[in-house]
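Make a model of the complete structure from these sequences and hints.
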Amino acid sequence: MPTPYFTLALMLLCALFALLAASLLMMARLLLRPARMSDGKAAYLLKRLSPGDLGLHFQTLEFEVRDDHSQKPIKLAAWWIAHPAARGKCVVIIHGYGDAKVGAIAWAPMWHELGYHILAIDLRAHGESEGRETTAGYFERHDLNRILDQLCAARPADTRTLVLFGISLGGAVSLAAAETRENIVAIVLDSPFTQYSHAVRAHARRMNMPFPKLIPWSIRLAQSLSGARFDDVRPIDLLTRVRCPIMVIAGGCDPFLPAEDLSLLEATMARRTDGVSRFWKVPEGEHVLSISTDPEAYRERIEAFLKDVLALREVP
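In terms of our numbering, the sequence shown opens at residue 10 and continues consecutively.
Among the hints, erroneous ones may be present.
[Stated by the list, open to error] Simulated restraints on C-beta separations:
| # | residue 1 | residue 2 | range |
| --- | --- | --- | --- |
| 1 | D241 | A276 | 20 to 26 Å |
| 2 | E309 | C262 | 19 to 25 Å |
| 3 | G64 | R322 | 28 to 34 Å |
| 4 | A44 | K84 | 18 to 24 Å |
[As the list claims (entries may be wrong)] As a list, the in silico DSSO-like pairs of lysine-lysine whose alpha-carbon atoms are at most 30 Å apart:
| # | residue 1 | residue 2 |
| --- | --- | --- |
| 5 | K84 | K56 |
| 6 | K316 | K290 |
| 7 | K56 | K290 |
| 8 | K84 | K50 |
Calculated from the structure, these hints are not laboratory results. Where a beta carbon is used, it is the ideal one built from N, C-alpha and C, also for glycine.
Quick look at the structure:
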């Protein structure tokens with residue numbers, strides 16, 4: 010017959026197992042289902058609700074795409090900000106994890122000043138878009154490609170020169186979508202991570218989350234629950250495969266980009282052979298905040314990159 014001490018130990022062991030299992034499931038769900046950027050949160054944190062609050066005229070759009078996981082249609086929200094003298098130049102702004110187009114339009118005035126039409130989208134499970142889970146770019150790449158197909162079909166004259174601007178997670182989505190396309194002229198990435206698991210670990214450290222050794226298991230569980238394979242869309246690999254010119258903007262003080270990852274990004278970009286791709290390290294730049302260190306230099310660097318890209322296209 011079990012002793013009271015054995016019974017107590019067994020109960021404690023079962024409780025610990027249940028706690029670990031619950032923590033694992035919670036961490037996996039946090040990865041897949043970020044808190045949405047609501048109007049109330051945007052008004053409080055960003056002091057804006059739309060491009061109109063930045064003095065930009067806009068049109069609300071909606072794209073319907075097929076969810077490759079559920080095989081059901083989902084609706085994705087977007088804003089179209091036209092420029093009267095764009096002459097076919099268009100940039101698609103793709104936000105980061107837990108953000109939305111209302112956050113990503115912080116860069117819209119700069120792109121408008123550069124003379125581009127702007128499409129700002131809400132990724133699945135973010136902002137005003139449908140979808141329950143985000144998947145590190147795995148399913149989002151197909152969403153973006155379907156949006157681009159619909160956009161180019163509806164506005165061919167406005168999308169002759171198509172640029173992607175990806176912010177953090179949006180960078181992974183941009184690269185993964187562009188890998189299979191021929192009509193992307195250039196990609197600009199702000200604060201990309203090298204691979205999703207590294208960004209998750211950095212975020213967990215920053216949030217002082219318990220049970221750090223559960224992180225790899227939570228990532229595996231998140232993949233199993235969502236049907237995604239996160240390593241299929243590792244930015245550090247995609248940077249070597251995407252054919253169009255790429256500009257990477259990386260902050261030297263980005264907590265989601267450890268020193269070894271920053272060096273790896275720079276080394277990977279140095280191996281590109283298109284002649285115009287470039288890597289810009291902003292020493293004091295924090296995650297997605299490099300533009301605030303010197304907005305004029307930020308704009309000028311991107312403008313110079315795009316000028317070189319367009320000049321290269323004009324070479325017979």
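Status of the hints after comparison with the structure:
no., hint, in the structure
1, D241 <-> A276: 20 to 26 Å, "holds, 22 Å"
2, E309 <-> C262: 19 to 25 Å, "holds, 21 Å"
3, G64 <-> R322: 28 to 34 Å, "holds, 31 Å"
4, A44 <-> K84: 18 to 24 Å, "holds, 20 Å"
5, K84 <-> K56, "holds, 26 Å"
6, K316 <-> K290, "holds, 20 Å"
7, K56 <-> K290, "holds, 29 Å"
8, K84 <-> K50, "holds, 22 Å"
In summary, the structure agrees with every hint in the numbered list given earlier.
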